[in-house]
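**Student:** Now for the letters of each chain:
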Amino acid sequence: MPSFDTIVIGAGPNGLAAAHRLASKGAKVLVLEAAATPGGGAGLAHLSYNLDARVEKVMQLAAHGLALAEPNLATTALSPDGNHLRLEGPVGERLSGAVTDQDHAAWAALRARLLRFAAVLSPLNHMAPPRIAKGVGNPLVKLAMIGLRARLMGAKDFRELGRILLTNVHDLLDDELTSPLLKGALAFEAALGGWLGPRSPNTVLPWLVRLSGQVAGRQGALGLPKGGMVALGAAMAASATAAGVTLRCNARVARIIVEGERVQGVTLTDGEEIRAARVVSAIAPKTTLLTLVVARHLDAGLVTRARHLKARGGAAKLHLTLREAPDFRGAQLTDRLLIAGSEHDVERSYNPVKYGRVPDRPGMEIMIPTAHEPHIDGKHHLSAIAQFAPHAPADRDAARADMLAACMAQLEAHAPGIGALVESAEILMPYDIETRYGLPGGQWHAGELSVEQMLFLRPLQGIAQYRGPIPGLWLASAGCHPGGGVSGSAGWNAAIAMEAE
Amino acid sequence: MTALRHFETPLFKTPFHPRTEAANKLWAWGNWGGYTTALAYQDEALEYSAIRNSATVYDLCPMIKYRVEGPDAAAYLNRLTLRNVAKLTVGGVQYTAWVNDAGHLLDDGTLFRLAPERFRICCQERHLNWLEDSAFGFDVTITEETEEIAALSLQGPTSAEILRLAGFAIDGLKPFRMAEFSLGKGRLMISRTGFTGDLGYELWTTPDQALGLWDLLFQAGALHGLRPIGSSTLNMARLEAGLIITGYDFTPADTCVREDRLRSPLEMGLGWMIDWDKGHFTGKAALAAQRDHGTRWSFVGLEIEGNISAEGAILYHRQKTEVGVVTGAIWSPILKKNIAMAQILTKYAAGGDIWAEIYALRELHYEKLMMPARVVDRPFFTHDRRRATPPGRF
Numbered sequence: 001m002p003s004f005d006t007i008v009i010g011a012g013p014n015g016l017a018a019a020h021r022l023a024s025k026g027a028k029v030l031v032l033e034a035a036a037t038p039g040g041g042a043g044l045a046h047l048s049y050n051l052d053a054r055v056e057k058v059m060q061l062a063a064h065g066l067a068l069a070e071p072n073l074a075t076t077a078l079s080p081d082g083n084h085l086r087l088e089g090p091v092g093e094r095l096s097g098a099v100t101d102q103d104h105a106a107w108a109a110l111r112a113r114l115l116r117f118a119a120v121l122s123p124l125n126h127m128a129p130p131r132i133a134k135g136v137g138n139p140l141v142k143l144a145m146i147g148l149r150a151r152l153m154g155a156k157d158f159r160e161l162g163r164i165l166l167t168n169v170h171d172l173l174d175d176e177l178t179s180p181l182l183k184g185a186l187a188f189e190a191a192l193g194g195w196l197g198p199r200s201p202n203t204v205l206p207w208l209v210r211l212s213g214q215v216a217g218r219q220g221a222l223g224l225p226k227g228g229m230v231a232l233g234a235a236m237a238a239s240a241t242a243a244g245v246t247l248r249c250n251a252r253v254a255r256i257i258v259e260g261e262r263v264q265g266v267t268l269t270d271g272e273e274i275r276a277a278r279v280v281s282a283i284a285p286k287t288t289l290l291t292l293v294v295a296r297h298l299d300a301g302l303v304t305r306a307r308h309l310k311a312r313g314g315a316a317k318l319h320l321t322l323r324e325a326p327d328f329r330g331a332q333l334t335d336r337l338l339i340a341g342s343e344h345d346v347e348r349s350y351n352p353v354k355y356g357r358v359p360d361r362p363g364m365e366i367m368i369p370t371a372h373e374p375h376i377d378g379k380h381h382l383s384a385i386a387q388f389a390p391h392a393p394a395d396r397d398a399a400r401a402d403m404l405a406a407c408m409a410q411l412e413a414h415a416p417g418i419g420a421l422v423e424s425a426e427i428l429m430p431y432d433i434e435t436r437y438g439l440p441g442g443q444w445h446a447g448e449l450s451v452e453q454m455l456f457l458r459p460l461q462g463i464a465q466y467r468g469p470i471p472g473l474w475l476a477s478a479g480c481h482p483g484g485g486v487s488g489s490a491g492w493n494a495a496i497a498m499e500a501e
Numbered sequence: 001m002t003a004l005r006h007f008e009t010p011l012f013k014t015p016f017h018p019r020t021e022a023a024n025k026l027w028a029w030g031n032w033g034g035y036t037t038a039l040a041y042q043d044e045a046l047e048y049s050a051i052r053n054s055a056t057v058y059d060l061c062p063m064i065k066y067r068v069e070g071p072d073a074a075a076y077l078n079r080l081t082l083r084n085v086a087k088l089t090v091g092g093v094q095y096t097a098w099v100n101d102a103g104h105l106l107d108d109g110t111l112f113r114l115a116p117e118r119f120r121i122c123c124q125e126r127h128l129n130w131l132e133d134s135a136f137g138f139d140v141t142i143t144e145e146t147e148e149i150a151a152l153s154l155q156g157p158t159s160a161e162i163l164r165l166a167g168f169a170i171d172g173l174k175p176f177r178m179a180e181f182s183l184g185k186g187r188l189m190i191s192r193t194g195f196t197g198d199l200g201y202e203l204w205t206t207p208d209q210a211l212g213l214w215d216l217l218f219q220a221g222a223l224h225g226l227r228p229i230g231s232s233t234l235n236m237a238r239l240e241a242g243l244i245i246t247g248y249d250f251t252p253a254d255t256c257v258r259e260d261r262l263r264s265p266l267e268m269g270l271g272w273m274i275d276w277d278k279g280h281f282t283g284k285a286a287l288a289a290q291r292d293h294g295t296r297w298s299f300v301g302l303e304i305e306g307n308i309s310a311e312g313a314i315l316y317h318r319q320k321t322e323v324g325v326v327t328g329a330i331w332s333p334i335l336k337k338n339i340a341m342a343q344i345l346t347k348y349a350a351g352g353d354i355w356a357e358i359y360a361l362r363e364l365h366y367e368k369l370m371m372p373a374r375v376v377d378r379p380f381f382t383h384d385r386r387r388a389t390p391p392g393r394f
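If you're matching them up, the sequences are chains H and F in order.
First residue of the first sequence? That's 1 in the working numbering, and the numbers climb one at a time after it.
First residue of the second sequence? That's 1 in the working numbering, and the numbers climb one at a time after it.
Hints may be right or wrong, so weigh each one.
[Claimed, not checked] One-sided and incomplete, this derived list gives chain F residues near chain H with beta-carbon spacing under 10 Å:
| id | residue |
| --- | --- |
| 1 | Tyr76 |
| 2 | Asn100 |
| 3 | Phe136 |
| 4 | Gly137 |
| 5 | Phe138 |
| 6 | His280 |
| 7 | Ala286 |
| 8 | Glu367 |
| 9 | Lys368 |
In case anyone wonders, no lab produced these hints; they're calculated from the structure.
All residues carry an ideal CB built from backbone N, CA and C; glycine is no exception.
Modelling step: build the complete structure from the supplied sequences, incorporating the hints.
**Tutor:** In structure tokens, the structure reads:
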């Protein structure tokens, strides 16, 4: 067995991005993945919206098999009466269907403003978070440039950014728009992957983070890779391997070895020990600190803060195999389909989840990949993200059954007869996602992306610059700045921070 | 509805209260951690004299006590505290301290190893939340046992003789060791520890044995000058011994509001406690950085000219630049010196041209004094009889 100087835990987008960059700079890197295939959380996602352009370019993902089936996917917000709303172009550049004339103009203005704000903030994604202290080597010029660009938007926009930054999506939409389907679609979009309803404070900021992403140079666009998001993970793995990274799947890390108060390697669940002076954890910081490192090697206050890190997943994943194509009252099946009748529907689906219960009418993001590329089994496959789902209900099996029933009822209401087409159904509740993907609480972003857990507070104040609390340990997961999605940004930023050592 | 009348008597009484109440001729009471405690009993001069010349008892019940037990107890305490708990054998006592992640002092206290996997922490402030938080990942149980234990401090040159007369064979007991005895229908643990810098013991039993213990001691001590003392007198003795009190000499980090008032053990003269080689403990990285970069503050003993206590005095360099503050001071009767302990900027901690600005209230007017202060080693007072084993028969 060759020796490695760096072990990366987790072959998700961040782990692979970090591994690639480190290996390209000469490190001997071993990536350990618990699952049978690389990709990690990418397999959970439907679409690409924030793949880091630096990662995409340097890792030459196109050359390693990444191709987009659709670089700019349209969305149809479904209405049970067939009077749908279609959003084409990035973030609904063009609207058609159930929308008032007044909202056409209002949305165009709001959309442009949001994209402008997101673009101003986006350079933050490509740097380590600043530290709130003097003389700690903050990139002051870069930070000043971000401030300057925000100010250069003009007094009106600058003031507006300040006004909406920490407000909630519901109020923001309510100020400008009237069409329920449009507001529902946007509220659902903003709430995706989080544990906040549209009326929860601070829902605008995570939305702006989401809108700072891009696909093929188009800000706010949604991309569908050929072969699905799994193909994106596979392309990243292929690229990392080509750069000299050794990738081992079915290798679950049980412990990070700490000796002499520094990291010395890892122990796998089968007892195998692998030594390396540097360990980069690209799995959730909460798991890394509390399970892999264990408390006795860490300061007590840090452990308490890690225990209190909020990681509640609010999304369930539904997979259906259908005998034939469903009919969503005429909606194009190649679109991303949304069930979110209004901003109130989204909020109402969040309410019971706060108390560990299943909503009657969950919102859903539906993809039918087989509408783009036929499956070898000749059947149709429907995949849906259903929000919200409780992450810790009293009775998990009952909640899972209730959630499946609620999802099927929602589908039936929008695509009559779909129930009869179902050959097999599988639903993953947040706790199932936790078990399968190792994400604490089934939280997509490996830790909730909300303002109190962002930037220099992500994952925790003091360890937000990717350097872990023990010499030799680095944190490089979506639980770090800038957060989740399938971006590779955190891993890439972490590798840059390691080079600066 | 008696349950709703608790506010009329907000202070607890210690198990010794029937005796301390009877002895408290001055009716001078104070609130110590929510308990009614005697500030002085009869005559402070006689109480002080008894500490240095005969023997005294001091009601220790309000000290906060936690029991730490379980297979990981030693590992847990090694991560919690500054000293090396592995070096503490069963029957031993460690004076130690603990800090938060930033290396700021939370408290100091004594750690008793009662059994291989059972310890007692005895300290000034309440820390259950910190101790519980620190227990995550360790197989230990933390129990607050303040009210389960009645404790008396028996200090002074004749304290050993009084224990002998009371029937306890303590001749072999060395400083910072403890031994168990039977007492009435209960048990008594005697540790050779104290807060006076003199020969002395601390006695730990259950509340039901408290009054019996008090009576036994006063019976045995009748001809050995035993008297109860209050907090005022104890404060004099502890200052002579150069010992600090949490909340007086530094503000504990968990209640400290002002960022610049936080103090580390290195700044409070407790750096000697830190075992840098024992492995990780909470606050180690922060303390190592401070050790390497130097501290801003230091803690020193001072001898100040004159005989006016410098309590609360501001320290100046060259009578001009403010460089520190006195946290505790007395005119020491045994040393015949004006002594003080102070937080001082490290830059000036070596001494030289340091002055104490003392405001002495004299018949409603302040006399402002600027007195030279000399930095001296602590303790100001100690005595060979403190360590002699077996202790002398005074």
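**Student:** The structure should be examined with respect to each hint, and the outcome stated for every one.
**Tutor:** Each hint tested on the structure:
For Tyr76 (chain F), the interface hint holds, since its Cβ comes within 10 Å of a Cβ in chain H; the closest pair sits about 8 Å apart. Annotation: Asn100 (chain F) was flagged as interfacial toward chain H, and the flag holds, the nearest CB pair being 6 Å apart, inside 10 Å. Hint on Phe136 (chain F) holds. Least Cβ distance to chain H is approximately 5 Å, under the 10 Å limit. Using the Cβ-Cβ criterion of 10 Å, the hint placing Gly137 (chain F) at the interface with chain H is satisfied: the shortest such distance is roughly 3 Å.
For the restraint placing Phe138 (chain F) at the interface with chain H, the shortest Cβ-Cβ distance is roughly 7 Å, inside the 10 Å limit, so the hint holds. With 10 Å as the threshold, the beta carbon of His280 (chain F) comes within range of chain H, its nearest partner Cβ sitting at about 5 Å, so the hint holds. Here the hint on Ala286 (chain F) is kept, as its CB sits about 8 Å from the closest CB of chain H, short of 10 Å. Nearest Cβ of chain H to the Cβ of Glu367 (chain F): about 43 Å, over the 10 Å cut. The hint is violated.
A hinted interface residue such as Lys368 (chain F) counts as satisfied when its beta carbon comes closer than 10 Å to some beta carbon of chain H; here the least separation is about 38 Å, so the hint is violated.
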